[in-house]
Amino acid sequence: METKIYDSIIIGAGPAGLTAGIYLSRAKQTVLIIDSGMAGGQIALTHEVANYPGFESISGYMLSMTMKKQAEKFGCEIKTNTKIKDYNIAGEIKEICINNGDCFKAKTIILATGGKSRKIGAKGEDTFAGRGISYCATCDGDFFQDREIIVVGGGNSALEEAVSLTKYASKVTIVHQFKEWQGFQRAIDEMEANPKIDYILESKIIEFIGDQSLEKVIIENQKTKERFEKKIDGVFIFIGYVPNTEKIEGLVELNKWKEIIVNNNYETNISGVFAAGDSIVKRYRQITTAVADGTNAALNVIEYLNK
Amino acid sequence: MTLQTNLQHLTSEADVKKLIEENENVMICCGRMGPMCVPVYDIMEDLEKSGKYDNVKFADMLFDHPEAAIIRNAPECRGFMGLPFTMYYKNGKIVKATSSIQNLDQIIDILDSEFGK
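Chains A and X supply the protein sequences, listed in that same order. Each residue of the first sequence is one higher than the last, beginning at 57 in my numbering. Each residue of the second sequence is one higher than the last, beginning at 721 in my numbering.
Hint data in this document are derived by calculation from the structure and do not stem from the laboratory. Wrong hints could be hidden among the right ones.
Selected chain A positions facing chain X (Cβ under 8 Å, derived; list incomplete) [said to hold, decoys possible]:
| id | residue |
| --- | --- |
| 1 | F111 |
| 2 | S113 |
| 3 | G116 |
| 4 | G188 |
| 5 | Q268 |
| 6 | G306 |
We put the CB at the ideal spot given by N, CA and C, even for glycine.
I would like the entire structure built from these sequences, with the hints used as guidance.
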């Protein structure tokens with residue numbers, strides 16, 4: 057039996073991957089999308105999306121499912137919760153093998169692997185995830201009614217979530233590793249005006265301690281290296297994202313932050329391998345920019361296939 | 721009051737007891753339709769569909785349902801402060817419980833180690 061060769065295999069079913077799938081399949085290209093998790097990527101983990109044009113407010117889950125349905129309607133095959141075992145992408149025909157041993161061939165690849173929440177990397181972080189450490193204020197905020205919590209980070213997400221968590225917590229302390237905030241002035245002003253919030257700058261949590269659940273943390277001043285212990289009920293971490301590129305390291309060119317380097321045509325250093333979304337080198341990571349990347353990558357793939 | 725998933729929905733303490741009494745291996749995810757819960761339901765749906773875990777019954781329960789107290793107040797969930805609470809039962813007894821989001825590998829590890837392949 058002859059093996060099917062797809063026009064494109066897209067790795068990642070977030071906004072960039074699904075958009076690329078929609079554009080390619082509408083252009084009658086055969087497309088397979090593979091994702092190690094659920095469709096939607098980071099947006100599926102977003103409680104509410106209020107800055108995606110066309111929707112005043114929509115849950116990230118609903119937006120993901122709508123994009124997925126749209127891609128399937130145009131003919132994309134989508135495999136979610138599917139781990140990739142091998143990437144053979146250097147040749148003219150690319151091959152992707154998944155964990156159950158099945159392999160798929162394609163003329164082009166679009167890497168839309170997205171990103172994941174950055175962890176602090178401190179001792180005890182994995183142990184107390186879900187037992188006092190959280191990465192989602194809207195999901196877990198109500199577990200901390202009248203309790204004292206820490207928010208880690210100094211960007212917009214951290215500042216905004218610190219304010220939103222004051223609905224539940226009796227006190228919120230922001231721990232930020234730098235001297236200056238990274239968020240917009242509006243977010244800083246709102247945080248500063250909230251009487252339940254205080255902050256510790258130029259400091260990092262270096263250890264999480266507890267028994268059944270988190271009880272205290274050790275904080276280190278980055279300048280003086282002085283350490284102190286703080287009793288705490290919960291810690292919410294919002295320190296940005298890291299690209300999901302560990303599996304493709306060494307296969308395509310990455311920068312020092314492990315982001316995929318692409319040219320103006322969204323092509324990587326490997327011919328026929330394109331990339332889009334949060335895993336590529338860029339300044340702003342938004343759903344709208346991922347969708348734009350997916351569009352651009354798909355249109356460039358079509359041009360490449362027509363050569 | 722049920723979750724919008726394709727899993728079997730449990731809506732009472734009696735439902736939970738019946739399921740774990742009648743089945744050797746059971747996985748129940750107790751959560752909301754929130755960002756940390758939905759990926760776990762999605763994995764459960766895919767595992768159920770795959771047929772590779774026919775030895776396991778998969779179900780969900782709304783965290784805020786009053787009768788979900790059978791899960792919320794389980795001793796194994798002491799200290800849990802992240803949704804969803806995911807419970808693994810063997811012969812009617814809790815053999816593992818996790819708090820917050822879990823990925824495919826973490827769930828498969830538990831299913832394989834607690835229930836066998």
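Structure-based check of all given hints:
Checking F111 of chain A against chain X by beta carbon gives a least distance of about 17 Å; that is not within 8 Å, so the hint is violated. Nearest Cβ of chain X to the Cβ of S113 of chain A: about 15 Å, over the 8 Å cut. The hint is violated. Restraint check, G116 of chain A versus chain X: the minimum CB separation of about 6 Å is within 8 Å; hint holds. Checking G188 of chain A against chain X by beta carbon gives a least distance of about 5 Å; that is within 8 Å, so the hint holds.
Interface hint status for Q268 of chain A: upheld, as the beta-carbon distance to the closest one in chain X is roughly 3 Å, under 8 Å. The interface hint given for G306 of chain A is violated, since its Cβ lies 22 Å from the closest Cβ of chain X, which is over the 8 Å cut-off.
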